[in-house]
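Asker: Sequence:
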Amino acid sequence: MAQTHPLQQSSPPSPVPKAIRDGFQNAAPRDELAQRFAPFAEKMRRAGLPDAMIRSFRHYYAQLLHGATGYIPSAEAQPVYNLPEIAYLNGYTRLGAEHLGRLVVLKLNGGLGTSMGLTEPKSLLPVKNGLSFLDITVHQ
Numbered sequence: 025m026a027q028t029h030p031l032q033q034s035s036p037p038s039p040v041p042k043a044i045r046d047g048f049q050n051a052a053p054r055d056e057l058a059q060r061f062a063p064f065a066e067k068m069r070r071a072g073l074p075d076a077m078i079r080s081f082r083h084y085y086a087q088l089l090h091g092a093t094g095y096i097p098s099a100e101a102q103p104v105y106n107l108p109e110i111a112y113l114n115g116y117t118r119l120g121a122e123h124l125g126r127l128v129v130l131k132l133n134g135g136l137g138t139s140m141g142l143t144e145p146k147s148l149l150p151v152k153n154g155l156s157f158l159d160i161t162v163h164q
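When we follow our numbering, the leftmost residue of the sequence shown carries the number 25, and every step to the right adds one.
No wet-lab data here; the hints were simulated from the structure. Among the hints, erroneous ones may be present.
[Stated by the list, open to error] Quick list of simulated restraints, FRET-style, between CB atoms: (1) 72 / 140: 20 to 30 Å; (2) 142 / 115: 43 to 53 Å; (3) 102 / 76: 39 to 49 Å; (4) 110 / 144: 24 to 34 Å; (5) 57 / 94: 14 to 24 Å; (6) 69 / 144: 37 to 47 Å.
Glycine is no exception: its CB is placed at the ideal position from the N, C-alpha and C atoms.
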């Protein structure tokens, strides 16, 4: 059975997949979830995010609180057959462009370089015109 994407639903998201549900330990009661999620929901509403997006975030936040790791065993992985139509996604182009200035990209590029004898992160090595990898990334 194909599942509807959480952003397209008007009702609460579909049940958690069995692989995730079986890993839940010390499940937080519903009222505790509501209490923990309230600050996130309020911040998202103040930012003008659509209710569908808030519901989607709440769905995945609940999974996290219940111990979900996002790991899906290969035996349960299934092909995706039902993707949203591009026309549906095109409606977010303007909204995405408006928020592009708030975009943050965080790059975690491996270890500290200790196996190479370095005493500082590789991203701080000078590589071009006295700039480090980190400097170049910041200016991109």
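Asker: Each hint needs a verdict: does it hold in this structure or not?
Answerer: Consistency of the hints with the structure:
1. A beta carbon spacing of about 47 Å between residue 72 and residue 140 contradicts the range 20 to 30 Å that was offered as a hint.
2. The hinted window of 43 to 53 Å between residue 142 and residue 115 holds, with their beta carbons roughly 47 Å apart.
3. For the pair residue 102 and residue 76, the supplied restraint of 39 to 49 Å is violated, since their beta-carbon distance comes to about 24 Å.
4. For the pair residue 110 and residue 144, the beta carbons lie near 45 Å from each other, so the given range of 24 to 34 Å is not met.
5. Restraint check, residue 57 to residue 94: a C-beta distance of roughly 18 Å satisfies the suggested window 14 to 24 Å.
6. Taken as a hint, the range 37 to 47 Å holds for the pair residue 69 and residue 144, whose Cβ atoms sit roughly 43 Å apart.
The structure fails hints 1, 3, 4 (numbered hints given earlier, in ascending order).
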